[in-house]
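Engineer: Heads up: the protein sequence lines correspond to chains R and Z, in order. Okay, so the first sequence: first residue is 1 according to this note's numbering, each after it adds one. Okay, so the second sequence: first residue is 1 according to this note's numbering, each after it adds one.
There could be a bad hint or two in this list.
[Stated by the list, open to error] With beta-carbon atoms standing in for the labels, derived distance ranges:
(1) R/G118 - Z/S133: 43 to 49 Å
(2) R/P122 - Z/A138: 37 to 43 Å
(3) Z/A125 - R/K51: 21 to 27 Å
(4) Z/R117 - R/L88: 19 to 25 Å
(5) Z/S51 - R/E123: 38 to 44 Å
(6) Z/L37 - R/D63: 30 to 36 Å
[Claimed, not checked] Here are some chain R residues the structure puts well away from chain Z; computed CB gaps all over 12 Å:
(7) F6
(8) R21
(9) Q97
Hints were generated in silico from the structure; no laboratory data involved. All residues carry an ideal CB built from backbone N, CA and C; glycine is no exception.
Now for the letters of each chain:
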Amino acid sequence: MTDMKFEHEGLVIQASRTGARCLITWRGVSDGRSPAMFLNPVIRELVEHAKGSAVTVDFTRLDYLNSATVAPMLSLVRALDANQQPVLVLFADIDWQRTHLKCMTAIARTLQHVKVEGRARPE
Amino acid sequence: MARSEQVVWVEGLSGSLVFRLRCGGNGMPSEEPLQPLIDVTIQPVWQLVRSIRQSVDDALEGHSSALRVAAVMTASELVENAIKYGDAAASQAAVRFVLGVGSRLLRIQVVNASTNRASVDELLARVDEIERSADKEALYLQRVTQGLSRPGDSGNLGLYRIAFEGGFALDCSYEEGTVTVSATREIR
């Protein structure tokens, strides 16, 4: 198993890969003025780390994200899809995350390998 | 009703502020007196956005979780916009934030100085586009998709999110170098 961890102003992104499976988890808060400056290099590393695996991207533990985080979040999923690997994206079944669940579901229709699901938020 | 007629008065009553909403076109009840739960003026410092979110959440204790979450997000996005697009160098660089609640309505108002006419015109146009749209979800998705094809262009996505995710009606005015953005929704 190999692990990666990135932290920035309350946002924690972890990736753990076991064989052909990779789990990428976002937790905490992303409310920076320019989140893409932190996230874009991280996304490049995550995509490289997950290459060739079946990836689960778990956003259910996110507490808050601002609108400036939406584009980097979606670009991660699109980049994983471009590598032609199965991608499962998880959002929590709570009010504010439903917006992003709907949005990702709509965008996933234009992608080849992405499946989006709502799940109960972990305790 | 013309947009310029959708104004908010701030009145002093017995030492406290009551602001009255007179609006039309968005189906909101008119003339509801709103009690200000928060009325603060902050410096345009990014770190204060978190404080505003916490203050809004605390102020709305006792209201539904859905309303609190929507109000917290809306407050955060509006203050972020004011800090991003306001005039940090202007003599009146501060951002005024007001949260008001009545029996049927909740209203968030953010006021800041701006001399960037092009930026203000874009803001006015976006608010107008959002308020004219019958399908806020489709508009939000369209805006997100456009943002993906143009990295770096966040395009006031927060405003679209406020309308779709938050369920708020938006209003915006610009007078004498001051931008006022208001977000109003019914308390359900």
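Engineer: Evaluate each hint against the coordinates.
Structural biologist: Hint check results:
no. : hint                        : result
1   : R/G118 - Z/S133: 43 to 49 Å : violated (25 Å)
2   : R/P122 - Z/A138: 37 to 43 Å : violated (31 Å)
3   : Z/A125 - R/K51: 21 to 27 Å  : violated (42 Å)
4   : Z/R117 - R/L88: 19 to 25 Å  : violated (47 Å)
5   : Z/S51 - R/E123: 38 to 44 Å  : violated (27 Å)
6   : Z/L37 - R/D63: 30 to 36 Å   : violated (23 Å)
7   : F6                          : holds (20 Å)
8   : R21                         : holds (27 Å)
9   : Q97                         : violated (10 Å)
Checked against the numbered hints above, the structure breaks hints 1, 2, 3, 4, 5, 6 and 9 and satisfies the rest.
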